[in-house]
Structure formats: structure tokens, C-alpha cells
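J.: Note that the protein sequences, when read in sequence, are chains A and B.
Position one of the first sequence corresponds to residue 1 (this note's numbering), numbered consecutively onward.
Position one of the second sequence corresponds to residue 1 (this note's numbering), numbered consecutively onward.
Hints listed in this document are in silico derivations from the structure and should not be mistaken for laboratory results.
Given the structure is predicted, the values throughout are model-derived calculations rather than measurements.
Hints may contain errors.
[Unchecked claim] Covered, in the sense of this in silico footprint (three residues per stretch, anywhere, with C-beta under 8 Å from a C-beta of chain B), are these stretches of chain A:
hint, region
1, 32-43
2, 69-76
3, 228-235
4, 238-249
5, 266-272
Backbone N, C-alpha and C fix where the C-beta goes; we use that ideal spot for every residue, glycine too.
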Amino acid sequence: MESNTEYENPIPVKVITKKDLNKMVFRSLLLQASFNYERMQACGWLYGLIPGLKKIHKNKKDLSNAMTDHMEFFNTHPFLVTFIMGLILSMEESKQDRETIRAIKVATMGPLGGIGDALFWLTALPICVGIGASLAIQGNIAGPIVFLLLFNALHFSLQFGLMHYGYNTGVKAITTLKESTKKVAHAASIVGLCVVGGLIASYITLSTTVVITAGKAKVALQADVLDKIMPNMLPLGYAFLMYYLLKKGLSPIKLILITVIVGVGGHALHII
Amino acid sequence: MLISALLIALWAGIAGIDLFDGLTHIHRPIVTGLVVGLILGDMKTGLITGATLELVWMGMVPLAGAQPPNVVIGGIMGVAFAILGKLQPAAAVGLAVPFAVAVQGVITLIFTIFSPIMHKADKYAAAADTRGIEKINYLGMAFLFVFYFVIAFLPIYLGGSAAASIVSSIPIWLISGLKIAGAMMPAVGFAMLLKIMLKKEYIAFLIIGFILVTYGHLTILPVALVGTAFALYDFFASKNRGDGSSKKEVMSDGI
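Next comes chain A alone, as it looks inside the complex (with noise of 0.2 Å):
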């Protein structure tokens, strides 16, 4: 099978200027205005790259290949998005293959997740948010002014500040990258698929609430049996649950309704 590597222009351009980054900042500010549950930021993360993808693949087959890859699920911290995407625009620009591409969104992606979550919701929005505070509980209206001040400097120099990085990081990197794609592809999926892993065990909560009675021994199903045997066990099966239903040919709007089913279901028979 043809595989979707291919660019019918597989010429490397070099068409993003400055001014484009700085568009496609602003645009980032709409990661997630789309946001659901199935693909979470990716409609959202593609609203950003329009501009760029536009710009790179003037030959429609081409800009089709990178949206639908592109419309693939996405989930990041919204303030660190920049570094990706300027990454990502650097790759597209130089025609990579589209399977290294991918494996770099998928195995950054997670990593800023964290370190954005802890740097910004568990560190600088509790210090900007104290300081404010701090004004506001007394009636004075500096509170609210300086809180927005001191959070949005933050939050508009890194996201602006990130994106020139990361396309820069990708335009010096990509004499290496076009040496070696395949084993960079091949790296990059181990990277990856790590943190696929791990994403599963972290984001899919699925736990039961079933607890066997025999005589005057109670039994709980979750804790005293199934954590026993591998704690995120359900979570996994469900994951994979899914994987096989998607690969027999159920289409991912089935899997939805059948995860709501489930869910809402068995809450309503006490089982989960």
C-alpha cells in the first residue's frame, strides 16, 4: 500500500517569514476552540497552522495530506503550542517525511503538556493570582490590574518567544533530519509511543465501583482485586478495546456512542 509519505512537490521552500510566526502566534490563541474529547486540541491546532500550511503546500493533495494528518489527535499546554508549531512549520517547509513529522508532534506534545501544567497552572498563575489577591481582598482595584499585567507578560513573551525558537530549532536541524529521516522517524516513534503509553495510563480515568459480597466478606472488585493484579487495567483494556473495534472497521463516531453508553450505563447500574 502506497503510504501517505509521498508529496506530489516534494521541493523544500522556505516561505515563512517572521510575520507569518507572529500571525500563526495570534492564531494559537484558538488551540482549543474546538476542544472535545475525542481529538481534544487537533481542529483547533490545525485553525493555527492554516496560514503556514497554506503558504508551504501550494499543491492541494499536498495541503490535504498535511490537514488530515494534522486533524489527528492533539493535546498540549496552550501556552508552549508555539515551540511545536514552529517546529512542525520548519518540517513541513522542508517536504519531511509525513511519518516523522507526526512521530515529532506526538512525542513533544506530551512533555510540554507537563512541564506547561506545572509551570503555569501549579506556579505562575498561584503567584500572579496571590499578588493580586492580595490588593483585591482590601478593595483596591490594582488587584485585578496587576494580576493581568504580570500574567499576560509572561504568557505573551514565552508564546511568542517560543515560536521563533522552535522554528529555528527545526530550520538547524533539518540537514540532520533529511540525512537519516527514516532512523529519526523510527526515534522518534520509540519516543512516542512511550508516551502514548503513559498518556493512557494518565488520561483515561475508568474504574468500578462493584463490590462482591460472599457471607460477611465484602469484596471491592477495583481496589481489592483488579489493583491487586495491575492498577489503570481498565483504562488499557478500554484503550485497547477501542484499538480493535477501530481496526475492524467501526468508525471513531460508533466508539463515541459506545462510550457514552457505557459510561452513563454502567453508572446507572452501579457498576462504574
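Following the hints, complete the assembly by docking chain B onto the known chain A.
T.: Only chain B this time, still in chain A's reference frame:
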């Protein structure tokens, strides 16, 4: 009251969008306190209640996609009730939190409803229709705006008690059930990634990532670092063996 309720609803719509898009954080209670206070003519109470609510919500942030009680509606309701009902800030917090939890439940539902729309987006992507992709994102934001507008307008216009009884009439099993379904939903996205990326030689690394989080309780960054260690070893080992480029990879699951 109508004008005030409309203005507050407008603010709720804007703040609701900012919670997900823009993220300038004008949606935080500390800012909402000032704005709603100005609309209702009591800036001082607004600021103080906003700051109090802020301290409650400080730790409630969207970690790893999990939705905390809705900070936008919680902030707006808390401040509005404090000023309109002449409540102490702490009592306003008690009133605001149930609203915030109910809204969080509905947001979970919205994120579920938006999943099928992604298949429309897939079609646009396949047709290289950039306008279509843009429209879906604008639609998402417009939807959120209307949702927050209505949710904020009704309780303030109708009064807190009427709104509270509406909230309590939604069966809890349905809201909790949808929440559980929402928490399972990423499995569909991961399955789609696996369908594309998972080849036999990579299964080992999927297991390693899973084990590191399940038993090692590691976050994603260290997991990626372990993956990078394997990747680096593999990269240089195959380079030294010199078989990296000669081995033709067979696509087992091409698309």
C-alpha cells in the same frame, strides 16, 4: 435589572471564551469581581468577593484535561449573589460552587457533543478546505459564548433560588454518568493514534510508557525522557552497525 443581567451575561460569554481560548485570564474571579462589581454599582464588594473566590479556585486548574468546577460561572454567580443578596463573601462562595459544579458537568457534555463534529472536520481536511476548518472553530467559540450568556443571564434575571431548583432537577446519575463517559473518551483518540503508529517493533515502548506511569507514578516528561534514552541508543547503535539505511521498512498498516 434587565440591563445589568444582560451586561453580566455578555461578560460571562467573553470570559467563557477566554477560559479556553485567548487565556488572557480575564475570566478569573479576581477580574470578574471588578467587572461585575462595576456593573452592579458596588466595586468594593465585587473586588473583595472576587479575591475570596480566587483563593478558593486557585488550585482548581485544568490539569491534564480534567475539568475543575467552572471558574467563570462560579466567579460571576458568587460576586453577583454577594452584591445582590448582600451576602458575606464566604456565603457567596457556598452558593457559587454548586452552580460551578453543574456547569462543569454540562461542559463535559459539550466536549462530548463536539467529538462527532471532528469527522466533519476530517472531511474538510481531506478536501483541503481551510475555510471549513476555520468555521468549525468559530462555531465552537460562538457555541460557548451563547452557552455562558444564557447560563449567567437566567439565574441573575430570575433570582438565585429559582435557578438553584432548576439545577437540582437534573438527575445526578445522568450528570455523573456523562462525566464518567467523558473521562473514558480519550481512549478513542489514543486508539486512533495507535492505529496509525503502532507497529510490532514499537509495542515494547508502549508497555514501558504505561508501566512507568502506572507503577512508577511518573509524569509524562520523565516518560518521554526514558523513551528518548531508548531512542538515542537505538539511533546510534543502528548507525554503528550501519544497517539503518539499508533496511527497507515495510509499511504494515499504511493509510
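J.: Taking the hints in turn, state whether each one holds.
T.: Results of checking the hints against the structure:
no. : hint    : result
1   : 32-43   : holds (count 11)
2   : 69-76   : holds (count 5)
3   : 228-235 : holds (count 4)
4   : 238-249 : holds (count 9)
5   : 266-272 : holds (count 4)
When each numbered hint is compared with the structure, no violation occurs for any of them.
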